[in-house]
Every structure is written in structure tokens, then in C-alpha cells.
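Below are the chains, spelled out letter by letter.
Protein chains: 2
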Amino acid sequence: MSEKNLSSISDSEWEVMRIVWTLGETNTKQILNELQAKKDWIDSTIKTLIRRLVQKGWLNAKQDGRRYIYTATVSQTEMMYNEAKTLLNRMCDMHKGEVILKLLKDSPVSKGDLIKMKKEISQKEKTAPEMVPCNCLKTGSTIC
Amino acid sequence: MSEKNLSSISDSEWEVMRIVWTLGETNTKQILNELQAKKDWIDSTIKTLIRRLVQKGWLNAKQDGRRYIYTATVSQTEMMYNEAKTLLNRMCDMHKGEVILKLLKDSPVSKGDLIKMKKEISQKEKTAPEMVPCNCLKTGSTIC
DNA sequence: ATTTTATGTTTACAAATGTAAACTAAAAGT
DNA sequence: ACTTTTAGTTTACATTTGTAAACATAAAAT
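Top to bottom, those sequences are chains S and F. The first sequence begins at 1 in this note's numbering and counts up by one. The second sequence begins at 1 in this note's numbering and counts up by one.
Calculated from the structure, these hints are not laboratory results. You may find that some hints are simply not true.
Said to hold, decoys possible - Here are the simulated DSBU-like pairs of lysine-lysine, each with C-alpha atoms no more than 35 Å apart in a straight line:
id, chain 1, residue 1, chain 2, residue 2
1, S, K126, S, K38
2, S, K126, F, K56
3, F, K85, S, K105
4, F, K118, F, K105
5, F, K126, F, K105
6, F, K124, S, K47
7, S, K119, F, K29
8, F, K118, S, K39
Stated by the list, open to error - Reference listing, derived: stretches of chain S covered by chain F, where coverage requires no fewer than 3 residues with Cβ under 8 Å from a Cβ of chain F:
id, region
9, 43-51
10, 57-66
11, 78-90
Just so it is clear, CB atoms sit at the ideal spot from N, CA and C, and this is done for glycine as well.
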């Protein structure tokens, strides 16, 4: 589906992306402005982050004279979803539900999203198991 | 609450923790056995990971003769929850709901957890906003 | 007692990340 | 035209992570 090599994105790089996602089309100056309101990173540091993001393919740099105009190549939601899925996949299937429940508990969620969640839950209830089996050991196990 | 310095845990280290969580009290040999069924890491590599986990305080090493018996210092769910929360906090509040919904969609969840989720959703519906405001820029924004 | 095996410790080394200094060249100000 | 500012590029350097080689030593096997 996607043609870019999914090299992952670091913490600091993510901060830059947030600015770009919010501003849409933007440039170095704007990124510096907004980011320096939150972080005390000097220009040079932020420029390095931008460069690495372009290299990694997360930012598109369209030349405009001798400047660049930056845009994100994937949406924030897509990116976060991928990262979160990868993270969650580190863990035993058995406990994923618990974690998602806890995340739900402490995140602000809109009415619309809550409704979608209810639908999804009804859907899942039709086939949900009493307990999701552990998939941690080669042998299989229920104690996980 | 917790007295340990929360240095974070890496991908490879996580694989070791999974084994320990599943086995409960365990030792190097068992970890090597189980882990080498999944990964082609040589002994030395895994021993390094164990050592780093002990250093970071994620594994407890109780001496037993010249061996050690290892146990995890936090549960898998706690650990994942913390990592996931940290990750999610990188992102704009506005879209967290979407991401959680997508995670829910592609994770196996037990009947019990689904019921808990429904309860939580009913709870949240009482005060949920039409739309969660963006918190990405110093100025505030609705376009995020 | 000597060899082999198991377990643990020390050292190593490349890639990624956080963080920045130095330098270059164009643009804008005077 | 000369100076200052701005945007971009190159180089740097410590820490963390992935991955392992080398080495030490106790325990087990012969």
C-alpha cells in the first residue's frame, strides 16, 4: 500500500511532526517559532530534526526559491496508529484488552468516537472468547 | 508510588520480559531456551539483555548459589500501559479516540473486557464533548 | 584430576537518537 | 556596496540499542 520504507520516528522528531500536522503547509521559521514555545531547543537542533524527517520520508520538502515548504506525508492518526499497534504487538494477546480499556479510561474522547466504539464492541461481543489465550511461549501457556 | 527510575525498555529487552512474565520465577537457562525458540539470538546477546534489564530495574535478580533467579518488578500490563500512555501523549488530544478505536478493532478482546469497556463508555458519554479540542500549538487551533 | 559445560562478566562496535556547533550562501537592511 | 540576518548544510559528539566476541570460573562429567 505505502511505498516508503517505514523507518520509525523518534520522540523529538514527533514533536516536529505535531507542529507540521497542525500548521499544514509550513516552513522552517514557523516550525522554529511554534516549537520553541514548547521546547528549549536551539535552531540548529530543530533543523537537524527536520532534515532527518525529510530523509526518513515523513516530511515532504517542496522547494520554493531557496527555501522549502514542508508537509507531512502521513496523517497524525495513521502514524500514531501504526506506532501504537507495533507497541501493543510486543505484548501478550491475553492482556491487550486490559490495556486498551485503561487507555480509554484516561483519554478524552468525543461523543462521536464513543458511539463508534460502542458499535465495534457490540460487533466483537458476538464472537468474543471468555478469555484470550496467551501467546508468549513456544509451548503455549495459560498463566501469562 | 514507584521508587525506581523509569528508564525505558527497548524492543529486544521487551522480548526477554515476555518470557519472564510468562514463566514467573526463572533463570538464564530457561530464558535462553524459550527465547531462542522465537529469535535467533545467541546466548551472549540474551545475557546482555538480561543484564541491562537488571540494571534498569525491570528485572529482579535474586542470588541462588552462583546463579540468579529472575523475576519481573512490574506486571506486563502495567508496563505496556505506561509505554502506551506515553506514546499516546505524543499526539494531539483531538485524535486519541480514533486511535483507540482502531486499536480496539484489531485486537482480540475477551467478553469480560468488552463489558468493562461498555461501562466505561457509558460513563464517559455523560460528559463527552462533541469534539475534543486540539492542543498542539501554543495559540490553540481547531484544524489539527 | 582433567576436561567440558554452564553461567556470569567485560569489552566491543555499529546504528540511531538527542543535542548542538560551524560553516555557507542568499536576502534584506542601510 | 557592505553588513546583518536567515535558511540550509556539514560535522560532531555523547548516549542508547542491537548484536555479539572474549574471558573467567564454578560445576558436572569422565
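Violated hints, by number in ascending order, as checked against the structure: 1, 2, 6, 7, 8, 9, 10
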